[in-house]
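Respectively, the protein sequence lines represent chains A and B.
Start counting the first sequence at 0; every next residue gets the next number (numbering that gives the first Met the number 0).
Start counting the second sequence at 0; every next residue gets the next number (numbering that gives the first Met the number 0).
For the record, the hints were derived by calculation from the structure and aren't laboratory data.
Every value quoted in this text rests on a predicted model; they were computed, and no experiment measured them.
Just to be clear, a hint being listed does not mean it is correct.
Here are the computed distance ranges between Cβ atoms for each label pair [what the hints assert, rightly or not]:
no.: 1; chain 1: A; residue 1: 217; chain 2: B; residue 2: 117; range: 35 to 41 Å
no.: 2; chain 1: A; residue 1: 88; chain 2: B; residue 2: 114; range: 31 to 37 Å
no.: 3; chain 1: A; residue 1: 154; chain 2: B; residue 2: 8; range: 21 to 27 Å
no.: 4; chain 1: A; residue 1: 113; chain 2: B; residue 2: 114; range: 33 to 39 Å
no.: 5; chain 1: B; residue 1: 174; chain 2: A; residue 2: 206; range: 41 to 47 Å
Just some of the chain A residues that point at chain B, by a computed CB distance under 8 Å [as the list claims (entries may be wrong)]:
no.: 6; residue: 16
no.: 7; residue: 83
no.: 8; residue: 86
Covered stretches of chain A, as calculated for chain B (at least 3 residues, CB under 8 Å) [stated by the list, open to error]:
no.: 9; region: 3-10
no.: 10; region: 17-31
no.: 11; region: 110-118
For every residue, glycine included, the Cβ atom is placed at its ideal position computed from N, Cα and C.
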Amino acid sequence: MTALGALITRDIRIALRVGGGALIGVLFFLTVVVLMPFAVGPDLALLTRLGPAILWLGALLASLLTLDRLFTADHEDGSLDLIVMSRTPLELACAAKALAHWLAAGLPLVIATPVLGLLLNLDALSTSAVALTLLAGTPALTFTGMIGAALAVTMHRGGLLLAVLVLPLSIPVLIFGVAASQAAITGPSSFGAPFSILCALSLVSFVIGPFAAAASLRHGLD
Amino acid sequence: MRLSGRDLRCVRGGREVFSGLDFTASSGEALVVTGPNGSGKTSLLRLIAGLLVIEGGSIGLEGGDSELTLPEQAHYLGHRDALKPALSVEENLSFWRDFLGGEAFDARASLVTVGLDHAAQLPAAFLSAGQRRRLSIARLIALRRPIWLLDEPTNALDTAGQSMFAALMSDHLARGGLIVAATHAPLGLQGSELRIGGSS
Numbered sequence: 000m001t002a003l004g005a006l007i008t009r010d011i012r013i014a015l016r017v018g019g020g021a022l023i024g025v026l027f028f029l030t031v032v033v034l035m036p037f038a039v040g041p042d043l044a045l046l047t048r049l050g051p052a053i054l055w056l057g058a059l060l061a062s063l064l065t066l067d068r069l070f071t072a073d074h075e076d077g078s079l080d081l082i083v084m085s086r087t088p089l090e091l092a093c094a095a096k097a098l099a100h101w102l103a104a105g106l107p108l109v110i111a112t113p114v115l116g117l118l119l120n121l122d123a124l125s126t127s128a129v130a131l132t133l134l135a136g137t138p139a140l141t142f143t144g145m146i147g148a149a150l151a152v153t154m155h156r157g158g159l160l161l162a163v164l165v166l167p168l169s170i171p172v173l174i175f176g177v178a179a180s181q182a183a184i185t186g187p188s189s190f191g192a193p194f195s196i197l198c199a200l201s202l203v204s205f206v207i208g209p210f211a212a213a214a215s216l217r218h219g220l221d
Numbered sequence: 000m001r002l003s004g005r006d007l008r009c010v011r012g013g014r015e016v017f018s019g020l021d022f023t024a025s026s027g028e029a030l031v032v033t034g035p036n037g038s039g040k041t042s043l044l045r046l047i048a049g050l051l052v053i054e055g056g057s058i059g060l061e062g063g064d065s066e067l068t069l070p071e072q073a074h075y076l077g078h079r080d081a082l083k084p085a086l087s088v089e090e091n092l093s094f095w096r097d098f099l100g101g102e103a104f105d106a107r108a109s110l111v112t113v114g115l116d117h118a119a120q121l122p123a124a125f126l127s128a129g130q131r132r133r134l135s136i137a138r139l140i141a142l143r144r145p146i147w148l149l150d151e152p153t154n155a156l157d158t159a160g161q162s163m164f165a166a167l168m169s170d171h172l173a174r175g176g177l178i179v180a181a182t183h184a185p186l187g188l189q190g191s192e193l194r195i196g197g198s199s
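Bound conformation, chain A alone:
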């Protein structure tokens, strides 16, 4: 446990310090959502209807933007070699890295959502519904995105590849995240069903993500 704790602390520290990726994700999220009302125009009803979709798209793109560095930074400076040689199973190390990434880059998106909800004319209840779906859904984005990040390690400049690989995996998360938010805001369908599926997607990604990422890292050693 000390080993995993050390890895999580290290990754969060790096992300929060100057040059780390944590702030970049939130700023990107902020930019996308702030620009949207200007692009769509001053139709408040339309903004309310599009609100959850915009927030979810912003969060998805922001997490793609920061996931790119999850393993490549460690690969470039040789840390990944040592991580593979550690006595901690690689699967657990991958899970710890993803958790640290979510805490540093995913959680801030959830925290920023209430502020951004104001810009999209969402009332308090709707905003908290969207924030709740993001809280349940962004871990799935991180843990499935990790698979793409691990695959992209062996290819130089794999950033774009990551987006192409990860997008299909994130589509279900996006569908059920937005469906649950819409249900809470406009009804009439229930919030519970899509939200449960969203939670299930997250749980499945916790299991599959670390194993798939570790397998692809081992395979890609060179």
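Got chain A; can you put chain B on it based on the hints?
Coordinates of chain B only, in the frame set by chain A:
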């Protein structure tokens, strides 16, 4: 403890680097790997460290900890320092000591040994090449692992650093450790030599 390789073959990028390579090294012994550039010294170390796929032959370890794999008992000191510029010198060292697993020692004392204690709180981004190397060496002594795989370990070290490292290596051998080092420069070590590649 005895580390041996038999009939090893290594392929990188579809090209055969070496084949039919045999070596042995026992506790308290250093194996110095020499050869021209591109002959596969680094590849051999990475094969032993489990960082490359073995294409043919086998690597065996007798008398080590049977619960652990060979890479889990080895330190690898490669070209890349595995240092994070955003973290301080002490944070970098403490992380690897806590994460890698093994018998751990005081990080501060290891920094004193390699002569970096005055810079413990400095972000690693500001270290010189020689200081980065010293910090990597501190990892070897902050955490005890019986096998040291060293790739050009004295690169960028000054004369004082080289003699400091030579002392650390003989100390490690005296405790029954095992060293496989790829190098061009003399390390000041008594040990057998393994020559890979051409006769130049």
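Hint-by-hint comparison with the structure:
1. A/217 x B/117: 35 to 41 Å: Since the Cβ atoms of residue 217 of chain A and residue 117 of chain B sit about 40 Å apart, the hinted range of 35 to 41 Å holds.
2. A/88 x B/114: 31 to 37 Å: holds (35 Å)
3. A/154 x B/8: 21 to 27 Å: holds (26 Å)
4. A/113 x B/114: 33 to 39 Å: Check failed, 51 Å falls outside 33 to 39 Å.
5. B/174 x A/206: 41 to 47 Å: With a Cβ separation near 43 Å, residue 174 of chain B and residue 206 of chain A satisfy 41 to 47 Å, so the hint holds.
6. 16: holds (4 Å)
7. 83: Because about 6 Å separates residue 83 of chain A from the closest Cβ in chain B, which is inside the 8 Å limit, the hint holds.
8. 86: Constraint on residue 86 of chain A satisfied, holds at 3 Å.
9. 3-10: This one holds; 5 residues, not fewer than the three required, reach chain B with a Cβ under 8 Å.
10. 17-31: Since three or more residues must qualify, the claim that chain B covers the region 17-31 of chain A holds, with 3 doing so at under 8 Å.
11. 110-118: It is violated: at least three residues are needed, and the region 110-118 of chain A offers just 0 whose Cβ sits closer than 8 Å to chain B.
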